[in-house]
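Visitor: Quick note, the sequences are listed as chains S and G, same order.
Note that the numbering used here has the first sequence beginning at 30, numbered continuously upward.
Note that the numbering used here has the second sequence beginning at 30, numbered continuously upward.
Worth flagging that the hints you see were computed from the coordinates, not collected in a lab.
Fair warning: there could be bad hints in the mix.
Now the stretches of chain S that chain G is said to cover, found in silico as 3 or more residues with beta-carbon under 8 Å [what the hints assert, rightly or not]:
id: 1; region: 73–80
id: 2; region: 127–139
id: 3; region: 247–260
In silico SDA-like links for lysine to any residue, alpha-carbon gap of 25 Å or less [as the list claims (entries may be wrong)]:
id: 4; chain 1: G; residue 1: K242; chain 2: S; residue 2: K242
id: 5; chain 1: S; residue 1: K242; chain 2: G; residue 2: T58
id: 6; chain 1: S; residue 1: K242; chain 2: S; residue 2: E180
id: 7; chain 1: G; residue 1: K242; chain 2: G; residue 2: E180
id: 8; chain 1: G; residue 1: K242; chain 2: S; residue 2: D55
id: 9; chain 1: G; residue 1: K242; chain 2: S; residue 2: L265
id: 10; chain 1: S; residue 1: K242; chain 2: G; residue 2: W271
id: 11; chain 1: G; residue 1: K242; chain 2: S; residue 2: E180
id: 12; chain 1: G; residue 1: K242; chain 2: G; residue 2: T58
id: 13; chain 1: S; residue 1: K242; chain 2: S; residue 2: E199
id: 14; chain 1: S; residue 1: K242; chain 2: G; residue 2: D270
id: 15; chain 1: S; residue 1: K242; chain 2: G; residue 2: E180
id: 16; chain 1: G; residue 1: K242; chain 2: G; residue 2: L82
id: 17; chain 1: S; residue 1: K242; chain 2: G; residue 2: L82
id: 18; chain 1: S; residue 1: K242; chain 2: G; residue 2: E272
Only a predicted model underlies this, so the values are computations on that prediction, with no experimental measurement involved.
For every residue, glycine included, the Cβ atom is placed at its ideal position computed from N, Cα and C.
Protein chains: 2
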Amino acid sequence: MTYCLAISLYEGLVFASDSRTNAGVDYVTTFSKMHVFTPAPDRIFVVLTAGNLATTQEVLHRLRRDLDAAEIAESLRRVRYLFEAADYLGRLSCEVQLAHMQGMQRAGFSSEASFIIGGQIRGQAPGLFLVYPQGNYISASPETPYLQIGETKYGKPALDRVVEPGLTLEDGARLALVSLDATMRSNISVGPPLEVAICPRDGFAIAHYLNLKGDSPFYAEVRERWQEGLRRAFQLLPRFDWET
Amino acid sequence: MTYCLAISLYEGLVFASDSRTNAGVDYVTTFSKMHVFTPAPDRIFVVLTAGNLATTQEVLHRLRRDLDAAEIAESLRRVRYLFEAADYLGRLSCEVQLAHMQGMQRAGFSSEASFIIGGQIRGQAPGLFLVYPQGNYISASPETPYLQIGETKYGKPALDRVVEPGLTLEDGARLALVSLDATMRSNISVGPPLEVAICPRDGFAIAHYLNLKGDSPFYAEVRERWQEGLRRAFQLLPRFDWET
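Make the full structure from the sequences, and use the hints.
Guide: Okay, here's the thing in structure tokens:
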């Protein structure tokens with residue numbers, strides 16, 4: 030499995046992903062699920078991937094091929110709005126899934142994949158889209174400023190309690206780490222290294238990028254302090270009326 | 030959906046459940062999912078239920094009918110070990126599911142149900158079993174002292190960080206409430222009132238039972254303090270090296 034998330038804040042965007050890939054429990058490997066595209070100075074896109082690895086890799090190959098081909102009408106360089114990038118990505122994903130669907134179905138596997146694509150095109154606000162396996166997509170909003178793909182449930186409670194669009198980018202990145210850590214603790218199919226990218230509004234570049242291995246001292250400190258903080262929160266819960 | 034959990038501690042057992050039942054989003058009702066059986070002074074059983082409501086209700090009817098019928102060889106009064114109670118419950122569940130399976134499959138529904146059954150028989154240690162829809166079962170252990178059924182993922186991270194068999198029964202009950210609250214916040218198919226029962230080792234009775242409505246002051250205080258505690262934990266996370 031996979032767990033990727035992105036948060037849309039007033040200050041910009043935060044992206045985070047694990048990098049464990051598995052086909053069964055006896056073939057576990059590490060692949061980056063975070064891909065940055067800066068095809069022109071006026072735009073940046075970050076793509077996070079979940080689902081069938083062959084599908085997501087082929088979609089990324091096609092995204093890059095379309096950028097190389099001058100004659101192709103549609104590419105991340107040519108889209109005029111972020112939603113057009115999500116729409117285009119969704120169509121590529123459907124094409125790739127369809128191309129391998131018969132073989133996959135015969136073998137009892139799924140070729141489905143989900144994506145988060147976020148970024149900014151100059152003159153427009155930054156944005157985040159979740160592209161479903163069916164090719165349709167939804168965007169984050171001030172009420173729900175985050176999107177998740179993959180194994181999303183374990184990491185959702187921490188997000189729901191803290192997230193709001195006024196967080197700083199750094200707080201957003203810390204929150205993403207906490208959400209990833211909750212998921213990794215409860216589900217072994219999500220694992221390090223963790224990638225975190227911070228993309229400030231109107232910067233059109235990744236301002237900070239972290240690749241945190243499982244034994245990274247910074248990540249260890251995040252984990253320990255969060256664990257301590259939760260235990261302290263637990264100790265401060267109210268007593269029942271029969272405890273006095 | 031449903032979320033029920035039980036925790037096995039050195040001091041005894043804690044059971045907790047939500048009480049929201051839904052068939053689609055437009056038929057949402059409230060049913061207790063916690064059922065206490067004290068068929069003889071030397072034993073107590075608590076049954077938590079998840080899954081198809083018709084199945085779980087019929088299983089409970091049959092459990093009670095078997096207790097009424099003096100001539101029936103198998104009942105919660107007659108089992109000699111806790112695992113026999115789990116085995117018996119699993120067989121009843123399979124019988125009920127099978128009886129309605131054809132009609133349910135025709136309609137595209139599932140008659141599956143899961144149960145947690147826990148308690149104590151005099152002379153033996155307290156115990157907890159999770160009975161799968163297939164009728165087989167697993168028990169909690171000191172390494173994994175809790176069992177969950179229903180919508181289990183949202184509430185697992187808090188459990189995993191705090192649970193250990195040396196907790197007091199009251200701490201176990203608070204932890205169960207926190208785990209339920211995390212689930213309710215992230216999933217509207219799990220909802221109040223919440224039931225919590227504390228069953229001390231060698232007590233053969235429920236020592237404390239709470240039925241907490243959504244507006245219960247105690248539950249509100251648990252929620253607020255947990256939320257505050259998490260926010261404080263979040264504020265104490267380490268800074269990135271570029272923040273000084």
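Visitor: Can the restraint linking S:K242 and G:L82 be considered satisfied, given a maximum Cα separation of 25 Å?
Guide: Since the Cα atoms of S:K242 and G:L82 sit roughly 45 Å apart, the hinted pair is violated (cutoff 25 Å).
Visitor: Mind taking a look at whether chain G covers the region 127–139 of chain S? Criterion is 3 or more residues with CB to CB distance under 8 Å.
Guide: n = 0 at 8 Å, threshold three: violated.
Visitor: Next pair to validate is G:K242 with S:E180; report whether the Cα-Cα distance is within 25 Å.
Guide: With a Cα-Cα distance of about 31 Å, the restraint between G:K242 and S:E180 is violated, given a limit of 25 Å.
Visitor: Given the proposed pairing of G:K242 with S:K242, does the C-alpha separation stay at or below 25 Å?
Guide: violated, 44 Å
Visitor: Holds or violated: are the alpha carbons of S:K242 and G:D270 at most 25 Å from each other?
Guide: holds, 16 Å
Visitor: Is G:K242 within 25 Å of S:D55, Cα to Cα?
Guide: Roughly 46 Å separates the two Cα atoms, so the pair is violated.
Visitor: Is it true that the CA of G:K242 sits at most 25 Å from the CA of G:T58?
Guide: Roughly 14 Å separates the two Cα atoms, so the pair holds.
Visitor: Are G:K242 and S:L265 close enough, with their CA atoms no more than 25 Å apart?
Guide: Roughly 22 Å between the alpha carbons, so the hint for G:K242 and S:L265 holds.
Visitor: Need the status of pair S:K242, G:T58: alpha-carbon distance at most 25 Å?
Guide: violated, 46 Å
Visitor: Given the hint that S:K242 pairs with G:E272, does the C-alpha gap stay at or below 25 Å?
Guide: OK: S:K242 and G:E272 at ~21 Å, within 25 Å.
Visitor: Please verify the coverage claim for the region 73–80 of chain S: does it have three or more residues whose C-beta sits within 8 Å of some C-beta in chain G?
Guide: Answer violated; 0 residues pass the 8 Å Cβ test.
Visitor: Are 3 or more residues of the region 247–260 of chain S near chain G, judged by a Cβ distance of less than 8 Å?
Guide: holds (count 10)
Going down the numbered hints, you'll see the structure goes against 1, 2, 4, 5, 8, 11, 15 and 17, while the others check out.
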